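J.: Residue numbers (the UniProt record's numbering), protein chains in the order written: chain A, 1 to 263; chain B, 1 to 333.
Since the hints were derived computationally from the structure, they do not count as laboratory data.
Source: prediction; values computed, not measured.
Incorrect hints may have been included.
Unchecked claim - Below, simulated SDA-like cross-link-like pairs (lysine to any residue); rule was C-alpha separation at most 25 Å, straight line:
1. A/52 - B/144
2. A/52 - B/232
3. A/71 - B/303
Said to hold, decoys possible - Not everything, but these chain B residues come out facing chain A in the computed CB check (under 8 Å):
4. 115
5. 210
6. 214
7. 226
Note that CB positions come from ideal geometry on N, CA and C, so glycine has one too.
Next come the chains, spelled out residue by residue.
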Amino acid sequence: MIEAKHLTKRIHNRLILSNVTHTFQTGRFYGIIGPNGVGKSTLLQLLSGAAKPTSGEVMLAGKPLDSYAAKQLARKLAVLQQGGLPPAAFTVREVVGMGRYPYQNWFGDEKNDPAVLVDRALEAMGLTALQNRPLERLSGGERQRAALAKVMVQEAELILLDEPTTYLDIGYQIHLLDTVQAWQRERELTVIAVLHDLNLAALYCDQLLVLHEGGLAASGPPKEVLNESLIRSVYGASATIVVHPATGVPQILLQPGGAAPLR
Amino acid sequence: MLLLAVSMLVSLSIGSAGISLKDVWGILWHQLIGGADSGQAWSAGDVAVITQVRLSRVLLAVLVGACLALAGAGFQGVLRNPLAEPYTLGVASGSSVGAAYMILFGYQTLIGMWTIPAVAFATGVVTLFGVIWLSRGRSGMQLETLILSGVIVQSFLGAFVSLMVSMSNGVVNQILFWLMGSLALKSWGHVYILLPFLLIGLPLLFVYANPLNLLVLGERHASHLGIRVERTKLIVLIGSTLLTAAAVSVSGVIGFVGLVIPHLIRLIVGPDYRLLIPLSAIGGGIFVLWADTLARMALSPREIPLGVVTALIGAPFFAYLLYRSKRSQEDTA
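For reference, chain B alone in the conformation it holds in the complex:
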């Protein structure tokens, strides 16, 4: 939590507009606390950069990361598969198809600036229900079938996205940029959209943390201990999907957060979901915040797509963690 706060301050302080540290902190202090006018004057432009651009972007990065990592923990808990992540069941592909379609046919502003987020969210959620419906058997959802249906739907929809990318002939391919994920040009509106999802999703998943612990022992053990297994699975899946779809619809497809962060937290604090769920949200927030700071600073003023940064940092870091945990297991065995 402390690390999160510090990260936010640092990230706020650096940016391409070249505002001095003292001014950034002064403006922040003034805006947050209100306080008496100390007689200091900041230029209106600087205040706008801090409050309108940087602060909203920093908060959005934290929210997106928290949503994705939380959803990742939820999916891993229900699917009990180490490779499960928010996109395993095809939610991201569904959102991508919707967004790509709107971009390709020039409908981006059909119902204002929220067209793409709304469509992406809807198609993402519809995709999950399609996958659940595909895998629904007489005795509830079988995990293997669920994952397989997810993979099939994902590659089927992925083909559509590729088709649309190849059909569009813009010089800078907007669809590709959307797919790679970015937090550029986002406003407070996006923050307000995402915030309620996190505020509802986090407590919802947290209530199911203890049942998720027992689910680790297998569905039969869990049901004999008095857990309503099918209901738990369905609620956690839907909650995680809504978090994922909301995050994807405002930021595009940002990979690796939902996969790596829950595993990372697990390596640090162990398998207990009562710790794993809240810490994943915080860890995801920190991770995306730093990735986004890097994305806008590394080749400043040009921005790197956020999805590229998370994968570039996430993959090697995760490989290192795997290597280390394997080593320590072999040492103690």
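Excised from the complex, chain A in its bound form:
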């Protein structure tokens, strides 16, 4: 369980987030949505400890985030960051294996051989055939899958995903989120994902947090949160909400000419 308590963040004196409070329950899939520049990624950075809040604090399993040592935190919390992995000369298998760093001694050895774990993650992400290829000779989408495999190997109970589906075509978007969801349910992990695509967010998330003007505009299950007036007030666009014929979750149909004048 991770809690955001009265988080406020200013960057260069501009207020990005103001007094955001929310408790994320263990074993749920959360989605953070909202328009561009509203501070979705900033909120995720505060939750992961990559950035410090101007005021307020983050509690992980009842203890302040600051009180964790770096490796200890990395065993509890893994991050798939925006933009994926850079091109590097290491092979896919080596990079995925780096996810074990929090469990290793200074030289990079660990008590139990992590090879099985790495094999499983590579297979889950469809990278087994590419495992000996250097990262620099992979496509952007393949690197993103390698990044997720690295996160899986890290075996944390809390997974933060920052726009995980960027760079992926729809087939891999579904595949990636299916994998994360199956894995989340099997191990009762907590997943918090920043998502751009509202329809994907509605399909996969148990709970949605809508950020608007630096604060929480709404939170709850997709069925309660996603409605036409919210879309209009937060995104400034007209939309029709329909019910997904197979899963029953709300889906959004956009209308041309439905945009409100730019704020």
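Keeping the supplied structure of chain A fixed, place chain B upon it in accordance with the hints.
T.: Chain B in isolation, oriented as in the chain A frame:
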């Protein structure tokens, strides 16, 4: 390692004094092992040439090369820039300013023979802290700013060195010779000075080899895996700088070792710093040893400045490696 040992023996064996191979090896054996006096007599002069001149010089060459290549690997790991080398952050320029100043105003022996090394070391280290201070932002050291500050400081201090060179009017310009680097006229004292730096620097950087591997993925990825990024960067930078400043202060500015050797090792064994760091030290030692042997033998008895030799061998060799690795990449793509 074996190659290093063989190189040292060969280099020991050749020199301008014209001592026979058998005598060199005999003297060495006798000195190292102690052994019973086999009744053989070597002239005192020959023994002195081997133990005092050649052996110390060979060891010094290996140490200087190891320090520089190690520092190069460290700088490349932290700065994640293929052009990074021990001198990128202005350490060498700082040392040069100190040394040039002392030579120009005739203070070479102010506090004995160690004046220039001590001053060069101090000014080199001060320069790095200046560069770090310049690039220090609210969120730690930004790599781009760090490299840019290094380049700026380097050219600023370089101007001072040039000014001092132009002001001095000795026939053989001592400052220029210092700048080009040389291992001539060095003693066991220099070896003892440099040795502790390597003995501390090598394990220090080796401990950080695994974090440096993860740093290749970027600072954010590394920090999410539990690496304290700023601390790693600072320690590796300072360790590498001390190695560089120590090497430069005893030998002058020897170029190309710190740039080429880590790249060369990388082409052979891949990107893993756990191999890269120790092998760079060994490779650097071998490279400088051969360069120095060439420097004292090629136009014997006249010596070529060591920095000239390393650049003359290093640059074309590196160009060839680049060409080859580009070719092989295109073939497999």
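J.: Now look at each hint and say whether the structure bears it out.
T.: Checked hints:
A distance of roughly 23 Å separates the Cα atoms of residue 52 of chain A and residue 144 of chain B; the hinted pair therefore holds under the 25 Å criterion. About 20 Å separates the Cα atoms of residue 52 of chain A and residue 232 of chain B, which keeps this hinted pair within 25 Å; it holds. Proximity of residue 71 of chain A to residue 303 of chain B is assessed by CA-CA distance (about 53 Å); at most 25 Å being required, the pair is judged violated. Interface restraint check for residue 115 of chain B: the shortest CB-CB distance to chain A comes to about 40 Å, outside 8 Å, so the restraint is violated.
Contact between residue 210 of chain B and chain A, as hinted, is supported at the beta carbon level, the nearest pair being about 4 Å apart and thus within 8 Å. Evaluation of the residue 214 of chain B hint against chain A yields a held restraint, the C-beta minimum of about 5 Å falling below 8 Å. Against a cut-off of 8 Å between C-beta atoms, the interface hint on residue 226 of chain B holds, since the closest Cβ of chain A lies about 3 Å away.
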